[in-house]
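Asks: The chain contents come next:
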Amino acid sequence: MRTLHLAGSILTLALAISLNGCGQKTDTADGTQVVRIGSVAPLTGPQAHLGKDNENGARLAVEEINAQGLTLGGKPVRLELIGEDDQADPKTATIVAQKLVDTGVAAVIGHLNSGTTIPASKYYHDAGIPQISPSATAIAYTAQGYKNAYRVMANDEQQGRVLGEYAVKTMGARKIAIIDDRTAYGQGLADEFEKAARAAGAEVVAREYTHDRATDFTAILTSIKGKAPDLIFFGGMDPQAGPMAQQMKRLGLTARFLGGDGMQNLNFIKLAGDGAEGVTASSPGLPLEAMPGGPDFKKRFEAKYGPIQVYAPYAYDAVMVLVEAMRRADSFDPAKVLAELPRTDHKGVTGQIRFDAKGDIRGGAVTLYQVKNGAWQVLETVGGKE
Amino acid sequence: MDIFVQQLINGLVLGSIYALVALGYTMVYGILELINFAHGEVTMIGAMVALAVIGALMGSALDLPGLMVVLAGLLVAIPACMLLGFTIEKVAYRPLRRAPRLAPLITAIGVSIVLQNAAMLIWGRQYVSFPPLIPQHSHEILGAHITDLQIFIILLSMLIMAGLWLLVQRSRLGRAMRATAQSKEVAALMGVNVDRVISATFLIGSALAAIAGVMVSAYYGLAHYYMGFMLGLKAFSAAVLGGIGNIAGAMLGGLLLGVIEALGAGYIGDLTGGFLGSHYQDVFAFFVLILVLVLRPSGLLGERVASRA
Chain L
1 MRTLHLAGSI
11 LTLALAISLN
21 GCGQKTDTAD
31 GTQVVRIGSV
41 APLTGPQAHL
51 GKDNENGARL
61 AVEEINAQGL
71 TLGGKPVRLE
81 LIGEDDQADP
91 KTATIVAQKL
101 VDTGVAAVIG
111 HLNSGTTIPA
121 SKYYHDAGIP
131 QISPSATAIA
141 YTAQGYKNAY
151 RVMANDEQQG
161 RVLGEYAVKT
171 MGARKIAIID
181 DRTAYGQGLA
191 DEFEKAARAA
201 GAEVVAREYT
211 HDRATDFTAI
221 LTSIKGKAPD
231 LIFFGGMDPQ
241 AGPMAQQMKR
251 LGLTARFLGG
261 DGMQNLNFIK
271 LAGDGAEGVT
281 ASSPGLPLEA
291 MPGGPDFKKR
301 FEAKYGPIQV
311 YAPYAYDAVM
321 VLVEAMRRAD
331 SFDPAKVLAE
341 LPRTDHKGVT
351 GQIRFDAKGD
361 IRGGAVTLYQ
371 VKNGAWQVLE
381 TVGGKE
Chain V
1 MDIFVQQLIN
11 GLVLGSIYAL
21 VALGYTMVYG
31 ILELINFAHG
41 EVTMIGAMVA
51 LAVIGALMGS
61 ALDLPGLMVV
71 LAGLLVAIPA
81 CMLLGFTIEK
91 VAYRPLRRAP
101 RLAPLITAIG
111 VSIVLQNAAM
121 LIWGRQYVSF
131 PPLIPQHSHE
141 ILGAHITDLQ
151 IFIILLSMLI
161 MAGLWLLVQR
171 SRLGRAMRAT
181 AQSKEVAALM
191 GVNVDRVISA
201 TFLIGSALAA
211 IAGVMVSAYY
221 GLAHYYMGFM
231 LGLKAFSAAV
241 LGGIGNIAGA
251 MLGGLLLGVI
261 EALGAGYIGD
271 LTGGFLGSHY
281 QDVFAFFVLI
291 LVLVLRPSGL
301 LGERVASRA
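For the protein sequence lines, the chains are L and V, in the order given.
So for the first sequence, this note's numbering puts the first residue at 1; every next one is plus one.
So for the second sequence, this note's numbering puts the first residue at 1; every next one is plus one.
Please note that the accuracy of each hint is not assured.
Straight-line alpha carbon distances no greater than 20 Å define the calculated EDC-like cross-link-like pairs of lysine to aspartate or glutamate that follow [to be verified]:
{"id": "1", "chain 1": "L", "residue 1": "K175", "chain 2": "L", "residue 2": "D230"}
{"id": "2", "chain 1": "L", "residue 1": "K175", "chain 2": "V", "residue 2": "D270"}
{"id": "3", "chain 1": "L", "residue 1": "K227", "chain 2": "V", "residue 2": "E140"}
{"id": "4", "chain 1": "L", "residue 1": "K227", "chain 2": "V", "residue 2": "D270"}
Residues of chain L clear of chain V, computed beta-carbon distances all greater than 10 Å [unchecked claim]:
{"id": "5", "residue": "L72"}
{"id": "6", "residue": "P76"}
{"id": "7", "residue": "S223"}
{"id": "8", "residue": "K298"}
These are computed hints drawn from the structure, not numbers from a lab.
Using N, Cα and C, we set each Cβ at its ideal position, and we do this for glycine too.
With the sequences and hints as input, model every part of the structure.
Replies: Here it is in structure tokens:
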């Protein structure tokens, strides 16, 4: 009897959940429509700090819009952010994507990694839901021909090219070793870097690989040391780049260390310890202080969530771009919103946001930073013009 | 040549850490024939507790020298892990001692997941950095670099392993442990308090895990709630490679796995002309593991288990 009872309540619960999941909108008592927006990023695992940062960026935007009040089609609308965890894992990403589609979200902000954004994008595409990634930079994401896939950050092609040219022309590297973490992001960035560095006349003496859970790089670094490069490039994130920089120092490697936006954050400096000094890395977009709305955003964000990791302003802008499209369409119907997204011309926190035909941001700037006295200092910004 | 020596050093340091963790797996397996999958997480908790203490000491007004701070962290982490190991055995394994062997294996995985998530809730999702308290002087041997900490890790591992071997082979407790491993029933008939021996095994294993955890986080300069998983997996493989249940085997397996990994990652690319890259380092290590197990199913130094069951 007891088990029957339990089974009964589970059934009711399941029914309640599935019923709740059907509609796009839930009318609350006072006639306000609730529009759900998904936000997906790794909230557990080694990149959880970055994931939470993205979610908080999106959450800040949603809260501000709700505070201002949003009216679509003559009815008041309240946005609701559904934060999901994809664990930076491509397989989990597709499960989460299906779940969000089933919940009937109006749009998705995410995912954080390229490796998760790309497989998930098929689900959003099939469901006809707009997807705006704040931080996925792999070229493949917008190269699939999906009309619903957008991003608000310069892609790896732009970033890798800038890095490759910078390494050879400005840093004067002749012999280069390249390491990547075999993720869509790391590999894509490293490939673009390699192309640009070769084109600029440098020789690639080693191409090594690791993975996004590794902490020991002494073996590949030693092997690289034997080939005496004057610059080592890493395509990957800070949990690997930090220990890597430290191990380089301990192995007596004197080559310069260069990387992309995955390691251009506070955590890298902490993890790299005495190996951080002099490391150079790029980040798409402008430095927070140079962003049109940067300092103000920083104040509002940090009052609520503490220090910004990296991508929070982009997640914030992604929500704002979406809501502007909703306003122009005067609807949250995904098809109507999608029709408006190409017309985006948004003055965001991170800069002016306009999309090209593929859904990439036009004229995305890339800024180079270097660790000096234990903090990232701006070296120069490349691009940013159309 | 200097590159080869460097790879050997890299492998030995990595292997010493594997070996220390592997000892915990092998001791428990030797006595209970249980694979304690939560052991990797105990290592992680050791690192985290030590870091919490280190953080508190550095934040306080006391101006202790760096090594003292690390030592204080270690001295808190060891009893904390011993208590944890003791509790895990009492709560998750003892009630299932007479259950089919699959049941405690599953509770072990459960405990591992619980500990990971508990650590995430307590210490957060961020990578915690280990403050640079230990001087990292580099020495040159045959053109290769080795730091004080690396030498210390290798020596300490050797010392602990030798001590453990003496404990098991020469002491009264060790004799009771060996007797329990052969047959719990007969050992109990001979007046051995089996429960106490098993508890002691978990206490010792967990203390070793705490030491390994602190060494790992000091060496790589970071700790993270996820760090125990991969480390545990590698250490478990090392224990199997050496012959699980055999203490000398865990040492040998750990050192061997470390060196194979380092040499694999270092040379596989060049040897295959770039056809296989360094991302095959784990594949290479596990290939060796499979090869050893095909030729010697009980591991390098393992005995046949069949006669014992």
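Asks: Which hints from the list above does the structure break, by number from lowest to highest?
Replies: The structure conflicts with hint 7 only, although it agrees with all the remaining ones.
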